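A.B. asks: Whenever a hint applies, use it, and build me the whole structure from the sequences.
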Amino acid sequence: MPDSTPLPDSTPMPPTDPGRHLTAPATRSALRVQQQLLSAAREFLRGRGFVELLPPIIGPVTDPGARGSKQVDIDFYGHRYKLMTSAILYKQASLLAFDKIFCIAPNVRLEPLETAGTSRHLAEFHQLDVEVAGASRDDVVQLAEDLVVHMVDSAVRELPKEFAELGRDPQAFAELLKGSFGRIRHAEAVAELRGIGHPQSAEAELDWEGEALLSARRDRPFFVTDYPKGSRGFYDREHPDDPGLLRNFDLLAPEGYGELCSGSQRTNDYAEIVTRMRETGENPQKYRWYLDLVREGVPASAGFGIGVERLTRYVAGLDAVWQASAFPKLAGVVSP
Amino acid sequence: MSDLSAPGFPEEEVRRRARAGAAAAFPPAEEYGHVLFGAGQPDATGRPPRPDALDELRIVPPLFLPQRLAKLIDLGREPDYRDVELATTIGGFASALPVYVSATGSTRAAGGDLGLALSRQAGALGIPMVIGENVVPVNGYGRLGEAADRTLLGRLRAYTEELPDGLGGVAVQQSTEDADAEVWNLVHSDPAALPLLESGRLAFELKVGQGAKPGLGGMTVLEAEAAAALGDRFGLDPLFGDGRVLRAATPGTFTAEILRQQIRLMRNNYPRVRIWVKLYPGRDVAEAARVAHEAGAHAVVVDGAEGGTGWAPGVFLPHVGLPLAECLRRLAAEPPPSLLVSGRIWEGARAVKSLALGARAVGLGRAALLAVAEDRESGLRRFTECLALELRLLISALGKYAPDALDREDVWSPEGFGITPGR
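If you read the sequences in order, they're chains A and B. FYI, the numbering for the first sequence is 1 to 336, going by the numbering used here. FYI, the numbering for the second sequence is 1 to 423, going by the numbering used here.
Bear in mind the hints are in silico, worked out from the structure with no lab data behind them. Quantities reported herein were computed from a predicted structural model and do not represent experimental measurements. Built from N, CA and C at the ideal position, the CB exists for glycine as well.
DEER-style ranges, computed between Cβ atoms:
| no. | chain 1 | residue 1 | chain 2 | residue 2 | range |
| --- | --- | --- | --- | --- | --- |
| 1 | A | Pro-60 | B | Gly-235 | 14 to 22 Å |
| 2 | A | Gly-182 | B | Gly-200 | 30 to 38 Å |
| 3 | A | Asp-207 | B | Gly-241 | 52 to 60 Å |
| 4 | B | Ala-228 | A | Leu-96 | 31 to 39 Å |
| 5 | B | Gly-241 | A | Tyr-77 | 28 to 36 Å |
| 6 | B | Gly-241 | A | Pro-284 | 26 to 34 Å |
| 7 | B | Thr-253 | A | Arg-157 | 53 to 61 Å |
| 8 | B | Asp-74 | A | Gln-285 | 56 to 64 Å |
| 9 | A | His-239 | B | Thr-253 | 19 to 27 Å |
| 10 | B | Ala-229 | A | Glu-175 | 55 to 63 Å |
| 11 | B | Thr-89 | A | Pro-12 | 36 to 44 Å |
Covered, in the sense of this in silico footprint (three residues per stretch, anywhere, with C-beta under 8 Å from a C-beta of chain A), are these stretches of chain B:
| no. | stretch |
| --- | --- |
| 12 | 187-201 |
| 13 | 265-279 |
C.D. replies: Quick look at the structure:
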């Protein structure tokens, strides 16, 4: 197997020497910004009554909803276990203990090789995962907005030197800090993209180029809501009165940085989950612990996960998401 | 044993069941891996098979040949059979012939060097090939040192190494159990598949059941030791009573909405991969084909209830599923644009009839395996040369010069099958 895949010349790649990356002033500044963002998130969420949990790293099953990426199998005493691709199943289950939870969860996704050159994919990354019992999609959209405003505000206020070092003008966040992120339905996003000549499918996830185009046309983060069924995992709740659409959302950053966060109102109905598992090609057999729990009853909920490195990249104004990681892993690239 | 007899009754079959119990629902286990099963064999009581409706059709050239005139004008000379252009597109792939190699999965018949030789020869011919289900959970993928000749990666490499530029392609199936092994995600992110992916020659085939046993999942016979290694991933049934077990995969549950959404998710997750959907010959095959096409499948594959490399209960082949000809009749009102069919295809006539009834290409299953078994180096190539010649002869006799010019007028049956009223 080759150590790396050929990439377009323009893609910034991590230095092969990890020491050079770690000692670069830009890396230090980016990681300080990241720390401030997380510290502010903890402060914000605890202030609103959330409990922070430590997420599992391995389990018999994990989130299948990661677009075309491979899960990592591990041998757990003769049983096939997975490294977590997201904490979604555990987030729903954790609501049996607390009504509002969050965690900062490591995820591993063996993304397709072509993603090594997108500047926005890492094979190993972290999500700030939030889940709220009894919440609607719109409740958590508002929560995500308030949270991001608080995180960015804190970083801008506390770290002027780091922003100067990074060459990132804090004025870039003037609109963001006012709140009122835009909201656009997936169908409207498709129409907008087609209007500017981008052939976006109405039945699929917005493609990477489409996300970047929408993102470049806006001055503050914005939500895309109501993705079509067939573009997401089985746990996103379908609109009861608008079948075929999901009560979910993505948060996209402006300036071409693209997706920061995905979330949804969850389905917690056993029969619906089993049916949706089939619709997403999954074998319900392997989700036994989760389905047993759902059958007994887990709270209705909504939640989201913010990509920590992606948010850091946007706030710090970095060229590529790997610059927001101390030890970045890109698809197909062998690195520490 | 007694001297009781029952002339005219399937006495020997009853006695076999009395001796072997549930194992008698299957062919003798010793035949597994050596005998390819299919229609056209005498039934359990020794009665010859009823004639197949597709075989009963006749190919009927007209006397007046406007398309030959067009070809004559084009060439400036009388055309002959060598002027038939067989190259076509199959489910998004360019192919040298309207022919592809059907899926061979994890069964012993397609295992070992036979599967590899098949892959090499199909690649060299520039015709698409389907890699069957359950290869990864049973034989491994091939990246972590498993015996290369049985793995999916082994077959993928063997095919790709021989493949001419711009032709062919590989369709990889994923069964319910394969979904646990994430076969598609694995292939999608593998460096070995990258050349196929980047040249648009990779497809994923969503398998809706089994052609040879509609309504059931894949079945193979395993030695007890091999079965134990599969853990709880497959249903295992020790019904042979001699240490060997029946490994039964689940057929999977589909509704129109489940099929539609699975296809959409495939398109969403693998935007550069062609999507093929394989249907068993169920009574609602036309509706399923319509759903698959509307959801964006690049090819709809109908596997007639004709045979297979795996293991089918004896009661299924003669009694269960629509014959291929009836599938084609039901699909005729609204045929999907890239309809691929398989089912006892081995010579030119059955292929031409299928193409005339709406298929874009035909799949070689047992024929391809037998041809490779006959000669590991060139068996499939020689076999295909003969098939291609027959196709050219038959298509030119109809006054046509490309497979997609064939239509229902080109075949006739005593029952009026394929004849447009008034003609």
